[in-house]
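Chain F is fixed; fit chain E onto it per the hints.
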Amino acid sequence: MAKAIRNLIAAGAFALAVPAATTASAQYANEPFFSWTVVMSQGYGLEMATIRVNVLDAIEGPVDPDLIEVVEQMAKGDWERFGGTLAERDPALAEELYGYLAAFEEVLEEGDSADDLIEPTRELLARAYDIVIDPAIRDSAAYKGAIIAQLLLAEGGVAEGYEEAAEEIFAYSMGWGALQRVKELWADIEGPLNADQKDESNQLLGILDALYPEAAPPEEWVGRNPEEAEAPSQLLMGLVEVAADSTLYAGRDLARLAGHLAETVAPACAMIEAGNDAVAKELFYPAADHFFGETTGLADLIELFDPEIFERAEGLIPLFVLLEEEEEEESGDAPAAAASDDEEEFEYGAEACEALVQTFRDAQALLGG
Amino acid sequence: MISTSGRRGRPRSTAVMAFAGAVLGAGVLMSTTASAQTGNYRIYVANEYGANISVIDTNTDTVIAEIPISGRPGDVRPRGMAVSPDGRTIYVSVSDFNPQFETPEDKIVAIDVQTNEIVGELRAGGNPERLAINPAGTQIWASLEAIAQGAGYDINTGALIGSFRVGVEAEGVAVSPDGRWVYVTAEATHTTTIFDAVNLVVVKHLLVGNRPRVVVFSTDGAYAYVTAEIGGTVTVIDTTSQTVVATINLGLDSRPVEVVTSPDGTRLYVAGGGTSAVYVIDTATNAVIETIREQMGRRPWGITITPDGSKVYTANGLSDSVSVIDTTCLCVIDNIAVGRGAHSVVLGVVPNG
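Sequence lines, in order, name chains F and E.
All residue numbers for the first sequence refer to my numbering, where the first residue is 1 and numbers rise by one.
All residue numbers for the second sequence refer to my numbering, where the first residue is 370 and numbers rise by one.
Keep in mind that the hints were calculated from the coordinates and are not lab data.
Treat the numbers as computed from the prediction; the structure is a model and nothing was measured.
Keep in mind that the hints are not guaranteed to be accurate.
[Said to hold, decoys possible] Facing chain F, from chain E, some residues (calculated, C-beta under 7 Å):
id, residue
1, Ser439
2, Gly440
3, Phe466
[Claimed, not checked] Computed beta-carbon distance windows for the label pairs:
id, chain 1, residue 1, chain 2, residue 2, range
4, F, Pro218, E, Val570, 43 to 49 Å
5, F, Asp209, E, Asp651, 39 to 45 Å
6, E, Arg667, F, Pro218, 23 to 29 Å
7, E, Thr526, F, Asn202, 37 to 43 Å
8, F, Glu227, E, Glu663, 47 to 53 Å
9, E, Cys700, F, Leu193, 49 to 55 Å
10, E, Asp547, F, Glu184, 41 to 47 Å
11, F, Glu96, E, Glu663, 57 to 63 Å
12, F, Pro192, E, Asp547, 46 to 52 Å
13, F, Glu227, E, Asp651, 33 to 39 Å
Ideal Cβ positions, reconstructed from N, Cα and C, are used throughout, including at glycine.
So here's chain F without its partners, still in its complex pose (with noise of 0.2 Å):
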């Protein structure tokens, strides 16, 4: 048991203890986030690239300076979720879409039209798409069920689209991006629901529609309720877990996840050693997804059973991802070392990566995994 736990415990104020179970018994076929953990990430990553150009495309008028901080992430953190595995099978299209990519920033800060940029980077995209994801799985309602689960209720989805709009205004055009595609991948998928489940899933979306009338972003958003789209979101998950016939709650067995991590991550490490880090890199991007994100609420139960495992955690993963609070501070590049319990400090590399799989051992062992 950790430091910090032990110490809790002798101070009479803590004490650790886990179920005897924890999930329901397996309900449904397919469990897309564990069998297709990076595979999940890069589609992910090409979704939303897809979607902020469709964003841009449907916003008529001068570019904000927020929507190209918005629309810049393409060739940021989406691309590195599937950029190394782009560039290992097709170099020559990873090179062409890296650069439209990357371009929209360019031509958008000078003032000047991104227009003739967006179809071709569209087509670099499905092209890309068709490359990195093996289509037998793209085809499957468990890909597309998982992909719905991420746009309806992931960092710049469609429920957090809404409820960060208040801060960032343009995640509520990202938030409709989103339930456009979800619209488009749950009309390939709902078929094996009943007329009543069909209903209800017609009217939630028609909840979700009312919330995301057109791409731009409403002129007041005072007084509007920023958690308006997570329930009918929610509610809309119970049904495409049933359509895709997937378990798409990855924490439902957080300990399971926390050692799942850890495997996810550990080839990593050599990939670094051996001087692939594009690759890599898109490892450790749905390790981070599942670790911070809401959905399963693992960084949360880590810091409230042991801070000191979340604070190694919080520490190293940013050496490898890209992260919103880093590219506040600055140009978006990794922080140079973390800091573990022991004020060992680590830089990018492999060593850093073997501490984080140790990190999410650790995690998984609290949990009793």
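Same frame as chain F, but now just chain E:
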């Protein structure tokens, strides 16, 4: 883009509770257990989006009053409620729609069942979501969603008794029948925190089902039951050993929220928001003995039961209604239109009714 800062409801470093000094104690401490068995009953429904409370007469199952909580529906919302031991006072947690911030709207209001008038209020900063009263009727405990705390207040003076850290996005709260323990659930951390209400210390955090919502005690206090919305489960906690001893599976699509025990302790009734169903559980076997779906309103969240155990009422958030269930046939016998966004439902007792 991934963010580490987007995690909601993380505890702040300083306590932010403050009191308006209003007295809430009207109608409590009257030691009228008998009246709760024989009086006329009223069902109180907190309408989250309507910012009001619908009042239903259980004799006729009709709405007889609407009590405005705020003139700003859509900005201010009533959610969880609790009832004084004598049934004569309803306490309502009130907050705004932005749990990230503490606002002047964060408070607990008291409603007199006799007059249906608000008779007091208490400042409870931190977005109070649900409430519980101790058996003596002297303390009110609140889950403070925004600041990851449970907090207890003296019902008569409004003074803070104690506050303690719980998991992130505090949700359900219950006081044990002996008044010794306070249990608070937290959605984001999947935990239930056990607090010693006598010595005012946190005893432990328990990992329960995924996205826990509401916690209730068995009538004898031997067990606590915690619903888990994403987990689709009810976690059973042995209150003596303070450990999880069983997990009742309702199905991943069940989305359970509120739960109520029958007065004789033999059944649990669980509102399944995801499937518009009520699950009936035999507490002797922890098995689901019936799933009530036909004629149910949509997205039942709140649930309560009459003192004689004959009728169950659910607050249905998507159909803005209350379903009435006959516990003999385990069937819906009525649906009553109420206000917008029916969230929680409790039962009050009209004195001399």
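Chain F contact restraint on E/Gly440 - CB to CB distance below 7 Å | With Cβ-Cβ at 13 Å, over 7 Å, it is violated.
Using the C-beta atoms of F/Glu96 and E/Glu663, is the stated range 57 to 63 Å upheld?
-> 59 Å, holds
Indicate whether the distance between the beta carbons of F/Pro218 and E/Val570 respects the range 43 to 49 Å.
-> 48 Å Cβ-Cβ, so the 43 to 49 Å window holds.
Can E/Ser439 be said to touch chain F, with a Cβ gap under 7 Å?
-> Constraint on E/Ser439 not satisfied, violated at 13 Å.
Beta-carbon spacing of E/Thr526 to F/Asn202 - inside the hinted bounds 37 to 43 Å or not | 52 Å, violated
Could one say that the CB atoms of E/Cys700 and F/Leu193 fall in the range 49 to 55 Å?
-> At 26 Å between Cβs, range violated.
Confirm or reject the claim that E/Arg667 and F/Pro218 have a C-beta distance inside 23 to 29 Å.
-> 28 Å, holds
Answer holds if the nearest beta-carbon of chain F is closer than 7 Å to that of E/Phe466; otherwise answer violated.
-> Cβ of E/Phe466 sits 4 Å from chain F, so the hint holds.
Consistency of beta-carbon spacing, E/Asp651 to F/Asp209, with hint 39 to 45 Å | Hint holds: Cβ distance 42 Å, inside 39 to 45 Å.
Cβ-Cβ distance between F/Pro192 and E/Asp547: within 46 to 52 Å?
-> Cβ of F/Pro192 to Cβ of E/Asp547: about 49 Å, so the range 46 to 52 Å holds.
Range hint 47 to 53 Å (beta carbons of F/Glu227 and E/Glu663) holds or violated | 31 Å, violated
Cβ-Cβ distance between F/Glu227 and E/Asp651: within 33 to 39 Å?
-> 36 Å, holds
Of the numbered hints listed earlier, those contradicted by the structure are 1, 2, 7, 8, 9, 10.
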